[in-house]
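Please arrange chain B on chain A, whose structure you already have, making use of the hints.
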Amino acid sequence: MADLGQLYDVLVIGAGNAALCAAITARRAGARVLVLEAAPRHFRGGNSRHTRNVRYAHAAATDYVTGPYTVEEYWDDLLRVTAGKTNETLARMVLEQSETVPDWMMEQGVRFQQPLSGTLGLARTNAFFFGGGKNMMNTYFAKAEELGVDILYEAEVTDLTLENGRCGGVKVRHANADHDVTARAVVVAAGGFEANIDWLKEGWGEGAGNFLIRGTPYNKGRLLRILLDHGARSVSEADQCHAVPIDARSPKFDGGICTRVDCVIFSVVVNNKAERFYDEGEDIWPKRYAIWGRLVAQQPDQIAYAIIDSKSQGIFMPTVFPAIEAGSIRELAEKLELDSAGLEKTVEQFNAAVQPGDFDATAPDGCHTEGLTPPKTNWARKLDTPPYYGYPLRPGITFTYLGVEVDEKARVLFGGGTPADNIFAAGEVMAGNILGQGYAGGIGLLIGTVFGRIAGEEAARRAVN
Amino acid sequence: MPSTELLKEADRLMTICNACRYCEAFCAVFPAMEERRTFSSGDLTYLANLCHGCQGCYTVCQYAPPHEFGVNVPKTFAALRSETYADFAWPGFLGRLFKWNGVAVSLAVALTLTLVLLLVFGLQDLEIMFGSHSGAGAFYRVIPYEAMVWPFGLVFLYALAAMGVGGFRYWRSTARNGFRRLTAAAILGGILDTLTLKNLGGGGGGCPYPNETFSFARRIFHHFTFYGFMLCFAATSVATVYDHWFGWIAPYAFTSVPVVLGSLGGIGLLVGPAGLAWLKMRADPAPRAGALTGMDVAFLLLLFMVGATGLALLTLRESAAMGSLLAIHLGFVLALFATLPYGKMVHGIYRMLALVQNAAEQKQSIYRN
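Chains A and B, in that order, give the protein sequences. Numbers given in the numbering used here equal positions in the first sequence, counted from 1, plus 854. Numbers given in the numbering used here equal positions in the second sequence, counted from 1, plus 1266.
Just so you know, these hints were derived from the structure itself, not from any lab. Note that CB positions come from ideal geometry on N, CA and C, so glycine has one too. Misleading hints may appear alongside valid ones.
To be verified - Label pairs and their calculated CB-CB ranges:
# : chain 1 : residue 1 : chain 2 : residue 2 : range
1 : A       : Ala-996   : B       : Pro-1551  : 18 to 26 Å
2 : A       : Glu-1129  : B       : Asp-1550  : 46 to 54 Å
3 : A       : Glu-999   : B       : Trp-1366  : 36 to 44 Å
Here chain B stands alone, though its shape is the one from the complex:
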């Protein structure tokens, strides 16, 4: 359960907003609020996770601080979201990592990097490490195939499972009593809203972020980040299929499907996180929950480093630097996988579930259709 103070504040804000309703064209949060007259902790958790933090409602709010009503919905919802991330984490005690997430993720990076480097340099002949390799199996001469697939595969599956449990816990605590009509259309609608970031469209003009002028900058950089990540994931999946089913061993040609996908993804992971961090630095800090900045920046930096080291590895894969770069790249990737369920990544799971719930609710709404 999120803290009582925060729930009380969120309840106070939603009561003011529900009597005002000037913001109802911005995003899904306010129409969802209008379906309700009172707000349970589940309702507030749902609304907080439905909020994309675009800051539109704060920028145009006649009650924003220093008005005595002090309405700051993005800030309160961001704080509430961070509490839900901790509450729904699995195993539960690791939820504490959200309290000091910037530090936690940095430590995880340091730890996995050190671990991978120690293992590689400890177990592998230095001549091989600093030698040039080419042709099929070049990477595996530095780090054997099994040493790559098993640890990374297992950590990744663990991350998926942990996030799955979190999602289940979130759903159980937010879906309303009697909420049963989860149709295929609702699921599809929610996923589509997630993939398009419809709610960062601000009803047509974008978000007033980083300043009062509305723009699509955040949505575009988020797309670079998300689709960059997905392209990298796709590259790895295709490579796995190549290796496993066709017996085509990496590294692959620059024009091959895995390398093209991975290169585009890597560029996405440079442009997207850099752009989002740049916007964040320029943005008004008032509508932001201070505690979250560390988590956001750590995640963006980690994604950026995964992209940067991946592209460096690709560029220099035939040089003597390949062995070291491979180890460093894998260190960052392992840190990313290990911290997925205990970092900013989880927002995607809860956001998507909230959007699915919203799509289902809007279909049933007595106010619409």
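If we strip away everything but chain A, and leave its shape as in the complex, we get:
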């Protein structure tokens, strides 16, 4: 039972993957630990509820991954997706420690499964959690409770009591009352700010009002704001995030995985002026889905439409909302509320530019356009076989990168780079140290796990000594 009156060794703020990894590690190191979760029990676990896999380095295939993935290859992938916007020391430390992560997870009771379907081509590099992220989180919560970690739900931290980089505790709002909870060390693992639309607007402008948030509505960035206001150093930018194109009809928050629309590479994608804006067939979808959220976000009114014909229906993952269907391009334009003459012209120009080729849905097939701007370099097939189908797309913000700077002990850095005495950060709130921009599937979860463990261990050491 949580006792807000007692002095805890370690307070963990947040209850997602990073938070629970920190809590379990700190408890195993002998600390008395309290986890403060803003969400009610039903929605505990933050964005980790929606995750499915972790990307980790390994020397050989196992029951759960199909082949080797070296630290060097991982590093090359990270360097490529971030375009070098990463802290090499921290990043290499995370990638090297990643090799121990699945075994550690299994020690806590987490189970993995063989990748079956819908795994976005990650079967070699990523291990998939049995039953997905919520099952992983249920397992972590059960383990934490078994070890004697106290967990308080609907407990929202409203401030840290800070003096000279030292934290004496936190202010908590729980059951309609304010409490001062004291602790010897604090781990901030309360996620990013993607559910705070006003903050997103600071990075993206008013258009952010049209974004959909795939993750938890509880990630308001309150702790990030508190730390920054108290002088913590920031990393990455307010407009950097993991964003994918999702169905525009999805819930405003918490739509998770099922809102994905995986037909972009087979489509003609237009904005609300009925114009194409990017090469849809640049590369296989697993390598491109992470850039399309931003691409859609940059269009007028932050919306786009993926259009296919009946030849392409059924060759990609089923969607949660049905396609908007029409017998002609003109009719489809009307249903999508696009300029019908404009859409007809775009499709005509596209069809005229398509070169003959052998279509292959499973690999870049060289079916391309000629003389078209922007071109489509693979999977270009004429839109000529009704019915035609349209999917409206919006940017789906998964998690944000603007965070606090940390050192290799997960200590939050203040002012000129001085590490905090007893404030540690893990997970999305510091992921920007490693992911300055871009994304590789399953790396966010890894950063949370590795830094969660480090933060838990260091916080316990700081508290017990």
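Just chain B now, kept in the frame of chain A:
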């Protein structure tokens, strides 16, 4: 046809699940779902009957209530199953018994018990009823052989026939158009999956039942129940052979095959149903269809009573209580037989057919092999 509302809800859920697919390692339902892009009423009936109600998918679902998607597959499928039980019942009008099954089964028990007791006490001399009997034919001195064999045999055969018709109706409405390749391997595979309850294995770790911790408790107690029932059935069959072909008249020695089988079966029928009911009481009611609880509990209680009265009869068969216990035991057995086609028992028929269909489908799948 199940109700439109329920089919619409099941269709909505399968569309969400098919776009998510996080649960595909739990059981046969989700891989079977992935074979489809749209879901006919036959598909949904099949998937609902393929579902073992383990609740794994509910426990780990990011869209479970109170999420606005409100995904609760076990509950919806359980409700759909109960409608299929009613729809496929034979004769059709008795399908109504599924609507208030707990009451129906209780009434049936009361009725058969009263009937058997009235007949026995009305027709038999009380001195014989309360006398002690031993040696070959002891039971038949209380209730004559013909009075036992004919009514029970006929009711049991009727139950088998009614369940057979139900199974046929189920198969006709769920097996897909063009579904022809029912191989011996598929039938064997489906039966094996039924006998092992592979799908209560939750992909290796069991089911999160009765709480979020995965365990094999439900599978184990179901095995006690099912194999307990089968052992009792085997005991009766062996006894019939002894009586009919060898002329060895019951009661048999404690070390005889029928008594050993029946005793083990009786213990199974005590442990299994008690365990399942105990789990059910402790389990989260959210992923369960409320209307079904009465049916489940009535069936478990009935099996338990059959086991308990059978063991009591065995223990006290040489005492003066034998006559009464025999009548009571037979009353419960008759109630069980009479309600077999109109109670929880039918889930076994439809589950097995769904597993056979699944085994056949997986062999033909374009996604596997």
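How the hints compare with the structure:
Our hint of 18 to 26 Å for Ala-996 (chain A) and Pro-1551 (chain B) holds, since their Cβ atoms are close to 21 Å apart. The supplied range of 46 to 54 Å is met by Glu-1129 (chain A) and Asp-1550 (chain B), whose beta-carbon atoms lie about 52 Å from each other. The supplied range of 36 to 44 Å is met by Glu-999 (chain A) and Trp-1366 (chain B), whose beta-carbon atoms lie about 41 Å from each other.
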